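Enquirer: Sequences and hints are given; from them, build the entire structure.
Residue numbering for the sequence shown follows the working numbering, beginning at 1 and increasing consecutively.
Treat the hints as calculated values from the structure; they're not laboratory data. Just to be clear, a hint being listed does not mean it is correct.
[To be verified] Calculated cross-link-like contacts (lysine to any residue; reagent style SDA-like; alpha-carbon spacing at most 25 Å): (1) K240 x S222; (2) K207 x E174; (3) K210 x R246; (4) K207 x G186; (5) K263 x E182; (6) K240 x F180; (7) K317 x L251; (8) K142 x R248; (9) K210 x I314; (10) K142 x I314; (11) K317 x K240; (12) K140 x L199; (13) K80 x P133; (14) K142 x A185; (15) K317 x P79; (16) K207 x A143; (17) K263 x R164; (18) K293 x L115; (19) K317 x A260; (20) K140 x A130; (21) K140 x K228; (22) K240 x M264; (23) K210 x R91; (24) K142 x S303; (25) K207 x L77; (26) K210 x A223; (27) K240 x A260; (28) K207 x V305; (29) K250 x M264; (30) K293 x T116; (31) K228 x R254.
Computed from a predicted structure; not experimentally measured.
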Amino acid sequence: MSFVIGILAIWAAAMLAWFLVTKYIKSSDLDRIKNRLSGTNKAKKAKTGKAGEASVMQLEPGTKNRLAQKIVDKYRLGPKIGNFLEQAGMRWAPARLVHTCFIGFAAGCVLGWMLTSSILISAVLGGVAAAAPVLWIWRKRKARLHRFEELFPDALEFVSRSMRAGHAFSVSLEMIHREFQEPVAGEFRRTFEEHNLGLPIEIALQKLAKRVPSLDVHFFVSAVLLQKRTGGNLAEILDKLAYVIRERFKLRGRIRAVSAHGKMTATALSAIPAGVAVLMFYTNPDYVKFFFKDDTGNIMLGSAVFLQLVGYLIMQKIVNIEV
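Expert: Here is the structure:
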């Protein structure tokens with residue numbers, strides 16, 4: 001009886017994963033084909049609008065992932081996920097990320113059940129597979145913000161030299177787009193375009209600080225806004241700010257070198273149990289299969305993995321020193 005239930009569960013999970021994958025691929029392909037074949041009609045509709053009047057609003061592109069979109073709308077996750085994707089430099093819709101996590105969860109559950117026939121292991125693998133897209137985007141976001149912080153002091157000095165040469169502050173922001181690489185170029189170009197289209201420079205800079213959650217950017221925005229209210233030499237302020245940011249980078253590098261030993265120790269201590277488990281699997285398989293086939297073994301294995309992750313996070317927190 002349990003064998004039949006397991007087969008039915010695998011079949012249901014596989015059909016769900018196949019349905020989600022085919023639905024996503026078909027919708028993206030159809031949208032791409034429609035955009036190519038009816039691009040002129042869409043452009044005309046965008047210009048005329050429903051009432052035949054010119055429309056200046058850019059509507060948000062719809063999504064056919066109805067289940068994911070309903071979850072995003074119900075729990076109001078759109079702004080948070082959208083900001084997270086924007087900081088990573090990805091042009092995904094929030095529903096697409098939720099949809100991808102669903103597909104990963106279904107695929108992980110099917111794989112876990114086929115390998116171990118354990119509901120607990122299947123749920124754990126499903127959770128790991130569902131979290132994989134979020135972790136990948138988080139790593140891209142972290143790398144993009146780190147690259148921004150590396151180029152930011154040079155951008156501040158460029159704005160300072162440009163203002164000393166006689167250019168306006170807003171024009172100096174636009175010149176960064178031609179002289180620097182991404183992501184600094186794109187972020188400052190967007191700030192300039194928002195200001196050029198009528199948005200006050202104060203609000204445009206505040207939106208920049210919201211898109212780039214960096215302490216250095218907040219210092220920059222606060223310095224510019226304070227200078228506009230009280231006056232002063234903005235070029236000199238930007239030079240000093242660039243100097244302070246570079247000194248923070250030097251100090252951060254020294255701390256990273258000192259804490260490298262602690263990070264290597266944390267990684268080694270966390271890898272030892274996994275290495276012992278692999279060796280035991282080859283030397284004494286019957287002893288290891290207890291953790292996968294027995295219910296008590298499943299609970300012990302899940303608890304061990306959870307505590308191992310908690311210990312690794314605690315060790316990383318100890319050696320992670322913010323500057």
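Enquirer: Which of the listed hints are broken here?
Expert: Numbers 5, 9, 11, 12, 15, 17, 21, 22, 24, 27, 28, 31 - these are the hints that the structure violates, sorted from lowest upward.
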